[in-house]
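Novice: Protein chains in written order, with the numbering used here: chain B, 1 to 349; chain F, 1 to 393; chain H, 1 to 439.
No lab work stands behind these hints: they were computed from the structure. Certain hints may be false.
Unchecked claim - Straight-line distance between alpha carbons at most 25 Å, and here's what the computed SDA-like set of lysine to any residue pairs gives:
| no. | chain 1 | residue 1 | chain 2 | residue 2 |
| --- | --- | --- | --- | --- |
| 1 | H | K109 | F | L113 |
| 2 | H | K109 | H | F226 |
| 3 | H | K109 | F | E16 |
| 4 | H | K109 | H | N144 |
| 5 | H | K109 | F | W14 |
| 6 | H | K109 | F | D13 |
| 7 | H | K109 | F | V24 |
| 8 | H | K109 | F | G290 |
| 9 | H | K109 | F | Y295 |
| 10 | H | K109 | H | E71 |
| 11 | F | K377 | F | D388 |
| 12 | H | K109 | F | R11 |
| 13 | H | K109 | F | A294 |
| 14 | H | K109 | F | D388 |
| 15 | H | K109 | H | D31 |
What the hints assert, rightly or not - Pulled from the structure, derived: some chain H residues nowhere near chain F, Cβ distances all over 12 Å:
| no. | residue |
| --- | --- |
| 16 | T30 |
| 17 | E71 |
| 18 | D99 |
| 19 | G102 |
| 20 | A166 |
| 21 | A186 |
| 22 | D208 |
| 23 | A217 |
| 24 | D238 |
| 25 | D262 |
| 26 | A292 |
| 27 | G307 |
| 28 | P346 |
| 29 | S377 |
| 30 | P428 |
Glycine included, C-beta positions come from ideal geometry on N, C-alpha and C.
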Amino acid sequence: MRMAGPAADDDPLLSVSDLRTHIETDRGTVRAVDGVSFAVERGEAVCLVGESGSGKSVTCESLTGIVPQPPAEIVDGDVSFDGIDLRADDTDLRAIRGNRIGHVFQNPQHALDPVYSVGEQLIEAITAHGDVGERAARERAVDLLRRVGIPRAGVRIDDYPHEFSGGMAQRVAIAIALAGDPDLLIADEPTTAVDVTVQARLIELLRDLLGDGMALLLITHDLRVVASLADRVLVLFGGQIVERGPVGEVFERPGHPYTQALFDSYDGFEQLEDRPARGDLPTDGCRFRPECPHAVSACETGVQPPFYAVDGAPDHAASCVYYTEGRDETTVLDGNGGVRPTGEVTEDD
Amino acid sequence: MESSERPRFERVDWSEIDTEQRLVTTQRALFVAGLLVLAGLFVYDYYYAHVYLVAEWNVTPIDWAVLTGLVGLVSYGVVPALRNRAAVRRTYESIRSRPVLTAALAFLAVFGLLGTLLPTLLGRPELHFGYAYQPPVGVTVDAGWSPNCFGTIVQGQGIQRYCEGSILIPLGTNGRGQLMEAMLVAGARPAIYVVLFTAAFIVPLATAVGVAAGFRGGRLDDLLMTYVDVQLCIPAIFLYFIGYMYVGPSLLLLLVTFGLLSWGPVARLVRSEVLQRREDGYVVVARSLGGSDAYVARRHVLPNVTNTLVPAVFHLFAILILAEAGVAFLGFSDVELYSWGSTIAEGLSPDRMAAYQVWWISTVPAVALAATVVALKLAGDGLRDVLDPRGGR
Amino acid sequence: MTEPTGGDHDRSALGERTVDRRGDPLLSVTDLETHYPITEGWLRREVGRVRAVDGVSVDVYEGETLGLVGESGSGKTTLAHSLLGLEAPTAGTIRFDGDRVGELTGAAKRAFRRRVQLIVQDPNDAFNPRLQVGTAVAEPLALNGMDDAERRQAIVEDVLERVGLAADDTGRYPHEFSDGEKQRLAIARALVVDPDLLVADEPTSALDARVQSDILALLDEVRRAFDVSILCISHDIDVVRRFCDRVAVMYLGEIVERGPVDAVLERPAHPYTKVLLDSVPSLDPSDRDLPAPLTDTIPDPADPPSGCRFHTRCPAVIGPEDADLSTDQWERLAALRFTVQVGELPARIDGDGTTSETVVRETFDLPDDLADERIESGVDDAVAALADGDLDRARERLAAVLPSVCEQQVPATVEIDGRPVQCHRADPEFDAAPRPWNR
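Put together the whole structure using the sequences plus the hints.
Specialist: Now the structure itself:
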């Protein structure tokens with residue numbers, strides 16, 4: 001295995017640096033992930049929050065290379081897992097994927113093959129990454145089902161996916177992801193397709209697994225799920241991280257205007273002032289500026305506004321010009337690229 | 001009507017609008033008118049004209065059936081197309097951009113037109129017993145096979161004389177001196193009849209059954225699908241032979257027997273698609289708006305199932321054409337139809353010759369048959385691509 | 001006369017929303033039942049029924065938003081479909097504007113179909129991918145008899161502008177629009193025949209948070225400007241809280257609680273409502289408590305539990321009368337009793353006879369030394385049976401010594417906080433320690 005550097009216990013488990021993934025579409029190349037950097041520590045729960053099109057799913061699929069390439073292409077960036085460079089060698093990647101990194105997706109009925117029993121699929125996952133005898137594999141499969149809370153696991157192991165309810169099927173999918181005893185579980189909207197009472201139990205299961213020392217990278221659009229699970233939050237917009245921080249701080253004082261807009265939408269409802277144009281976000285500077293009430297001309301420059309500490313907290317940062325000292329406060333960008341004097345815009349805070 | 005004001009939905013006075021389904025639509029009117037014309041022609045033929053209706057056309061039951069089908073196809077197929085010219089133009093452009101498809105459709109169109117018009121206008125291929133077994137252009141045969149040689153006679157060794165094929169008879173003649181080109185075109189007619197009959201009667205029947213079974217479900221579904229299962233077990237040719245004992249060789253009989261027993265798979269397909277799409281949002285909305293099953297199927301379900309339906313229908317055409325050719329080959333079809341199948345059979349056991357000597361008699365129609373089947377399959381696949389909603393608008 | 005385009009001018013149209021009822025309800029449902037037969041064999045012999053909607057009575061008044069909340073299996077979608085005529089109810093009556101819907105024929109029936117419109121959940125399959133959206137939005141007009149194509153086109157263009165899209169959009173195809181825009185198109189299509197009632201089936205579930213907010217705002221504006229009632233089906237409490245005036249909570253085909261949104265969500269009277277609300281994670285990261293119902297298994301709608309349907313999952317289920325049990329002890333025993341009853345054994349207990357009694361007692365945290373000997377012996381028997389893997393015997397013994405009125409009798413309707421609720425706890429006739437509900 002090619003090592004990216006000496007691995008120490010206090011090094012992050014997963015380290016992502018300047019990841020870029022482009023996707024070819026009818027309308028040209030979309031920069032789905034445009035310079036994303038973050039880290040996940042051992043045993044930590046990190047939530048990636050964003051709306052559709054923010055790049056959150058593509059980011060996580062790019063980490064283990066499961067994003068379909070073509071039409072996508074990971075054009076740049078470093079991904080390092082426990083010191084191993086995942087972008088270097090396909091063999092290294094395949095040894096890790098499904099083994100030390102597990103994946104769970106949104107719809108369990110899609111993730112499970114309807115023509116094989118749950119046991120067969122579990123055993124397949126177990127034997128894929130280890131030389132295990134049939135009997136031992138089956139025992140481990142039953143253990144895994146127990147671990148995720150399936151009642152009467154010994155009997156249910158021979159049932160087919162359609163014989164499980166949505167919540168139970170998702171547990172089975174989690175069991176399959178756990179087959180290789182992973183250090184990191186990447187879960188993409190695992191509770192979106194289930195009822196709220198079922199979601200609560202799945203959240204408890206994930207907490208349980210976290211308690212065992214597993215790390216979790218959870219993608220969601222639901223701030224409540226973030227509140228219930230995350231240690232740290234990463235907010236994505238337009239393929240970039242716009243805010244990062246410990247969950248308590250981000251929730252108490254959301255720094256980036258997009259994050260603020262997200263929280264506001266939980267309180268009431270109002271028409272969006274500048275409805276996002278059909279799919280066309282700017283490809284430089286701050287991507288949120290067409291919809292941002294605080295946009296200034298400085299928002300157009302660079303690849304992305306630099307990160308500034310929110311309220312002095314060093315681990316809570318927002319990529320927003322608003323926090324720059326000495327910013328030009330006399331003019332403001334309106335949604336169409338024109339410039340208006342500040343007097344016409346009210347800024348709270 | 002509002003004059004200078006913009007029409008707004010809340011100003012519509014719904015009590016004024018008659019929501020009764022219109023009885024007289026353009027399609028229905030045309031269909032009924034067409035049927036009346038046909039009925040008139042039938043009466044005329046039966047009582048007055050007797051043998052020949054127009055020029056050399058001796059109208060038989062199969063002709064009436066196909067004409068009826070044609071009336072249906074035109075009124076329910078062509079009229080809506082004329083209404084939606086923009087979509088038709090787009091489809092046309094899309095077809096043009098696919099050379100293979102264009103070629104296949106052109107081939108079918110040419111043979112279709114020729115096969116319909118020429119035998120009708122010119123009657124059966126003329127007999128010229130004096131010019132039997134003439135070779136195609138470029139081929140030389142023993143001049144002794146036939147009393148005359150249309151092409152040039154070439155002297156060989158001793159008293160051996162050869163007859164060369166002439167460009168004027170490019171495909172040669174058969175054992176009765178009938179031009180192979182004429183036989184080719186004449187043989188296209190049963191093939192066209194197969195396609196028209198299938199398109200006009202069998203495909204709509206199968207679709208209607210599939211839609212009814214898919215939407216209504218319950219006992220109707222069980223009944224229909226059980227019938228389809230039974231249908232698949234009965235060999236059509238067997239049924240044809242039984243009918244043949246009573247009515248003799250008849251293309252109509254063939255189409256009815258084979259047709260009645262071949263619509264099952266298409267019905268199943270349609271039913272399966274209907275079941276899948278029944279719960280799609282726009283279908284549910286259309287039903288909630290009060291659309292009848294037929295309306296919802298026609299407008300919302302069927303246009304979205306072309307991916308599976310179109311290739312299946314064209315496959316059905318191909319299969320039935322082959323079936324007709326097969327039956328004709330066995331000798332159980334009407335000789336006057338000059339089906340390719342019977343010509344092939346003729347070529348394989350010619351009068352006083354060995355088959356390989358007059359190979360063109362069986363080869364020419366065989367090639368035509370194969371080409372037609374290939375063209376149909378290519379057309380089916382090509383049209384599927386053209387109509388595919390994701391195929392690049 | 002040219003009017004400004006866009007929705008702005010309509011904001012001032014009808015002013016404030018009035019909550020007070022204006023006379024008779026627009027839609028009145030009484031004891032509605034929609035059952036599906038389960039058949040066996042070729043003759044389709046009925047062997048059971050799925051009781052999707054099982055005795056629902058609810059009213060929707062003019063100009064109000066009624067939320068219908070429930071999880072899968074609650075019957076909320078079947079209820080909506082029954083109202084629209086997409087499913088045939090098997091019993092009960094639906095009255096729209098005073099007329100019995102089931103008895104309408106001809107023109108009156110078509111008028112009803114026009115006045116009640118549907119907005120489906122998934123914007124991605126709400127439109128026929130083959131048709132231009134202008135044609136799709138005009139379809140209700142065409143189906144209701146408006147033959148003049150130009151008139152239809154003009155109305156559609158007008159409606160599109162008023163929901164925030166452009167007149168030009170009529171020539172586009174559905175895939176050219178974003179999810180939020182498609183939902184706007186769906187609202188336009190529903191509006192175009194000037195309905196009185198909109199049935200919105202999860203109108204925002206497939207949308208991102210900010211787009212949700214946008215669409216809810218549009219729906220609210222539509223409601224105010226055109227005096228349309230909205231029946232909003234949702235599994236999302238946040239949507240109901242922000243958007244609806246009143247809410248009805250459904251469980252297994254019945255409405256268990258109804259009332260003004262603030263009252264129901266702040267002071268839930270029925271234990272299921274409370275369970276539902278407790279299951280929604282808090283937005284406060286420091287509050288991660290997620291109280292669980294007694295069991296997770298949702299009962300089969302074809303075979304609902306006896307008595308109160310919620311009793312197998314109810315954290316407030318009432319214990320045996322005159323039993324010498326503390327609340328705490330009963331809670332744990334109830335967990336044992338009903339978990340065993342529905343067969344939802346915890347993972348550690350396999351039910352195949354390999355578990356020890358100690359493990360069973362530990363897993364359920366069973367109290368030792370109960371005052372009531374009969375109950376104690378019954379529990380001991382059940383624990384032994386569980387350890388042996390004899391689920392049936394365990395069920396029997398527990399059912400015998402731990403009966404509950406909640407499984408024996410259907411609760412009577414009682415008024416709490418001015419709202420009707422069916423719960424034995426609320427019923428003054430029953431001697432069960434009342435519990436404080438306030439969140």
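Novice: The structure should be examined with respect to each hint, and the outcome stated for every one.
Specialist: Here is how each hint holds up against the structure:
With a CA separation close to 50 Å, the supplied pair H:K109 and F:L113 exceeds the 25 Å bound. Note on H:K109 and H:F226: the hinted pairing holds, with a Cα-Cα distance of about 22 Å set against a maximum of 25 Å. At roughly 16 Å between alpha-carbon atoms, H:K109 and F:E16 fall within 25 Å of each other, so this suggested pair holds. For the proposed pair H:K109 and H:N144, the alpha carbon gap of about 11 Å is at most 25 Å, so the pair holds.
Pair hint H:K109 plus F:W14 holds up; C-alpha atoms about 13 Å apart against a cutoff of 25 Å. At most 25 Å may separate the alpha-carbon atoms for a hinted pair to count; H:K109 and F:D13 meet this at roughly 17 Å. Distance restraint check for H:K109 and F:V24: the Cα-Cα separation of roughly 22 Å lies within the 25 Å cut-off, and the hinted pair is therefore satisfied. Between H:K109 and F:G290 the alpha-carbon distance is near 9 Å, which keeps this suggested pair within the 25 Å criterion.
With a C-alpha separation of about 18 Å, the suggested pair H:K109 and F:Y295 falls inside the 25 Å cut-off, and the hint holds. For a cut-off of 25 Å, the pair hint linking H:K109 to H:E71 is broken: about 31 Å separates their Cα positions. Note on F:K377 and F:D388: the hinted pairing holds, with a Cα-Cα distance of about 16 Å set against a maximum of 25 Å. Simply put, H:K109 and F:R11 have alpha-carbon atoms about 21 Å apart, close enough for the 25 Å limit, and the pair holds.
Between the alpha carbons of H:K109 and F:A294 the distance comes to roughly 19 Å, so the proposed pair stays at or under 25 Å and holds. Among the hinted pairs, H:K109 with F:D388 is inconsistent with the structure: their alpha-carbon atoms are about 37 Å apart, more than 25 Å. Proposed proximity of H:K109 and H:D31 is supported: the alpha carbons are some 21 Å apart, at most 25 Å. For H:T30, the shortest C-beta to C-beta distance to chain F comes to about 22 Å, beyond the 12 Å cut-off, and the non-interface label holds.
Against chain F, the non-interface label of H:E71 holds: every CB pair exceeds 12 Å, the least being about 19 Å. The claim that H:D99 is not at the interface with chain F holds, since no C-beta of that chain comes within 12 Å of its own (minimum 15 Å). Look at H:G102: its CB is around 15 Å from the nearest CB on chain F, clear of 12 Å, so calling it non-interface holds up. With a minimum CB-CB distance of about 15 Å to chain F, H:A166 clears the 12 Å threshold, and the non-interface call stands.
Non-interface status of H:A186 relative to chain F is broken: a Cβ of that chain comes within 12 Å, the nearest being about 8 Å off. Non-interface call for H:D208 relative to chain F: holds, since the shortest CB-CB distance, roughly 19 Å, exceeds 12 Å. For H:A217, the condition that its CB be more than 12 Å from all CB atoms of chain F holds, with the nearest at approximately 20 Å. With a least CB separation of 23 Å from chain F, H:D238 remains clear of the 12 Å interface cut-off, as annotated.
The Cβ of H:D262 lies farther than 12 Å from every Cβ of chain F, with a closest approach of about 31 Å, so its non-interface assignment holds. Every beta carbon of chain F lies more than 12 Å from that of H:A292, the smallest distance being close to 33 Å; the non-interface claim holds. For H:G307, the non-interface assignment is confirmed: its Cβ lies about 34 Å from the closest Cβ of chain F, beyond the 12 Å cut-off. Its beta-carbon lying about 36 Å from the closest one in chain F, H:P346 satisfies the requirement of being farther than 12 Å from that chain.
At roughly 53 Å, the least C-beta separation between H:S377 and chain F is larger than 12 Å, which holds for a residue marked as non-interface. Every CB of chain F lies more than 12 Å from the CB of H:P428, the least distance being 44 Å, so the non-interface label holds.
When the structure is compared with the earlier hints, violations turn up for hints 1, 10, 14 and 21 and for no others.
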